[in-house]
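Asks: One-letter residues, chain by chain:
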Amino acid sequence: MNLQSTDFELFGLPPRFALDAGALDVRWKELQRQVHPDKFAAQGAAAQRVAMQWSARINEAYRRLKSPLQRAAYLCELNGAPIDAENNTAMPPAFLMQQMELREALDDAASADDLEQIASQSASLQRDMLSKIEQQTDAEQAWPAAAQSVRALMFLDRLAADIDRRRDALD
Amino acid sequence: MALLQISEPGQSPDPHQRRLAVGIDLGTTHSLVAAVRHGVAECLPDAEGRVLLPSVVRYLPGGGRQIGWAALEGAAQDAENTIASAKRLMGRGLADVAHAGKLPYTLVDKPGMVAVRTVQGEKSPVEVSAEILATLRQRAEDSLGDDLYGAVITVPAYFDDAQRQATKDAAQLAGLNVLRLINEPTAAAIAYGLDNASEGIYAVFDLGGGTFDVSILRLTQGVFEVIATGGDSALGGDDYDQALADWLLQRSGRTAGAAAERAALKTAARAIKEALSTTESVAVGAFWEPAGAGFDVQRSDFEAATAQLTGRCVATVRQVLRDARLRPDEVQGVVMVGGATRMPQIRQAVAGLFGREPLTNLNPDEVVALGAAISANQLAGNDAAGDLLLLDVIPLSLGIETMGGLVERIVPRNQTIPTAMAQDFTTYKDGQTALALHVVQGERDLVQDCRSLARFELRGIPPMAAGAARIRVTFTVDADGLLHVGAREQISGVEAQIDVKPSYGLADDDIARMLQESFTTAEADVAARALVEARVEADRMLLATQSALEADGALLAPQERADIDALMLSLRAIAANSEDAAAIEAATKALAQGTEAFAAARMNASIQKALSGKNVSTL
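The listed protein sequences derive, respectively, from chains L and G. The numbering used here numbers the first residue of the first sequence as 1 and each following residue consecutively. The numbering used here numbers the first residue of the second sequence as 1001 and each following residue consecutively.
Do not rely on the hints blindly, as some may be mistaken.
Stated by the list, open to error - For lysine-lysine, the following DSSO-like pairs were computed, each having C-alpha atoms within a straight-line distance of at most 27 Å:
{"no.": "1", "chain 1": "G", "residue 1": "K1589", "chain 2": "L", "residue 2": "K66"}
{"no.": "2", "chain 1": "G", "residue 1": "K1501", "chain 2": "G", "residue 2": "K1429"}
{"no.": "3", "chain 1": "G", "residue 1": "K1168", "chain 2": "G", "residue 2": "K1589"}
{"no.": "4", "chain 1": "G", "residue 1": "K1501", "chain 2": "G", "residue 2": "K1168"}
{"no.": "5", "chain 1": "L", "residue 1": "K132", "chain 2": "L", "residue 2": "K66"}
{"no.": "6", "chain 1": "G", "residue 1": "K1609", "chain 2": "L", "residue 2": "K29"}
The hints are simulated quantities; they were obtained by calculation from the structure and are not laboratory data.
Whole structure, please, built from the sequences with the hints as guidance.
Replies: Spelled out as structure tokens, the structure:
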């Protein structure tokens, strides 16, 4: 194992999308107990630097594995289907239509109830997309198709973030 | 200094040698020092039995200074030279300091950081803080009976990079080895959590003299994981005093007078505020005597005069809960920290927000220092059985300036530290060999609304066609929350040189000058002591290297081994024969540098072994 090992290797996990979030948290803390710079506070600058690199690398892997979107994107990339969202903007027309409708509804939402309705719609679309991604990655290994789903999930995540912002503004 | 002792994680290199380490709460209005003795953390009192040291330094005309209670007593008659609340000036420019005109002393705008004009010349807030830290260091050494190995210093969680660096510089000036800067709410959680064997999600509400922090933590088996943090590094009990002082002035129909009068009014306001924590009504005349002051203040008057401040606290708590993606009822307990949480309106606001009474069973003045002491004891390697792990976060996002004065975010707030993010840049002109980067901290989209941290100039990029170079810049935030930047051209592998111009803070030569000035001992003493210290350090380095070579010499190629042997031989000879401390230090440093790669390799091997061992056991 070294700093270049994959996130899955570092965490001793099979490279799959499905993952036990509780076990991931436990493993993260176990790993940090081994590498955190505080464990080497009395051992000089060189040891501190190396520990900091490891600790930062473990945190990076943890963040990526914890987020379903980032984990899916990472898996696609490891399997030769990079997401490359900036250059790959083509989406099915039906999906784009649905997104536009939701965005318009969000713009028009006047009350907390309106907002909650859009939020629950958005959450259900996210759930569906995540199970589609799990099917495409873990069951079918259909990497280019999974990458396309990840790009769609990015749209949904941005929508969810905008809904959150609107909710905050109502608080 | 690169020491080469590598032991199993969590174990002290020498179990028989206890290292004295303390926790210091460097507060806006008062400071404390605590240590773990006989397994229990306790605050160390001064000769009169007081644990609080007012964070006040008075510079006297003759060149002497008073620190703490003595300085506080002089505040009223010599307000211009009595510096309180220096913490609010740390890492700040004049434009950042709100109410600069209401301060009883005079601020001077200086590049990097504001200074205070005193009878002894301009004093940086770093120097003022160093006086306080040195006083506490002395107190600790007197109580514990030996020199300190190191200290953990607490800072508000919401302190930015410049404020943290200024605190570290002050500790260096005070001759302290900083084991770690830890965030005040995290320190409080350590003291509270370990005391109560708590597990689950806790919020820490820390309203001190001049700073306000809220942190939400998950406590599990000795792991203190900060989920989100927020605050205001310019909001505290001081502001409540000021608001009450303004109200008193207005009510009495008077105008603010000279420095001494303003200081007296502020002192009166503080006393009235404290009295109102336990009674509903206070006669102003008992604390403040000018004409027109013959009236009573009701608690409700005080609450109304400060409602806007309390509102800011509540809004911050809401934001932090949102960042943590938690509802108030998911928080199992709210720990109150800081003297200002004694105000009833604060307790009511917090209870209302979380729907439960806050926990106040630990002394809110002492809890931060106690947590810092527990952490210091473990960092020094005294507590082999301790399995405390702090996973803190960066409080404010880091970004870089892009075209049009916009901020591109590189590290978002509330990300667990240490963290490293890499960003690739390219050149826009043929043959371009340098690149400038402006790093800012804050949540806003425009550079002008964020806080400028530093300007970096990368030099030595190999000349190439425009757009061909790939310069990877790595931004690393260490466990103290401090930023480090590295850069490398990816195609040629050339390491770019980085010139850093911090926007705030002291330059290295300022610190060197202040260190020089702080030596009050006779020169001969200094020289003798330096020689002894240099020899001790040389011996320590030689011993550590020797045992490292015995354990892991196999990691070295023959030439590497020969180089290290030569450096050891040379250091041994110089340490034995030379009377020149600087020469011995230089040889020690040479050995430290020459063994750095070896130390890194050993560390890597040790971590890899630990991680793979874990893997086998979990499979």
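Asks: With a cut-off of 27 Å on the C-alpha distance, tell me whether K1609(G) and K29(L) pass.
Replies: At roughly 17 Å apart (the allowed maximum being 27 Å), K29(L) and K1609(G) satisfy the hint.
Asks: Would the pair K132(L) and K66(L) pass a check requiring their Cα atoms to be no farther apart than 27 Å?
Replies: 18 Å, holds
Asks: Are the Cα atoms of K1589(G) and K66(L) separated by 27 Å or less?
Replies: 43 Å, violated
Asks: Just to be careful, I want the Cα atoms of K1501(G) and K1168(G) compared with a cutoff of 27 Å; is the pair within it?
Replies: 18 Å, holds
Asks: Quick one, are K1168(G) and K1589(G) close enough, alpha carbons at most 27 Å?
Replies: Roughly 22 Å separates the two Cα atoms, so the pair holds.
Asks: Given the proposed pairing of K1501(G) with K1429(G), does the C-alpha separation stay at or below 27 Å?
Replies: Holds, because 24 Å separates the two Cα atoms, which is no more than 27 Å.
This entry does not satisfy hint 1, going by the numbered hints stated previously; all others are met.
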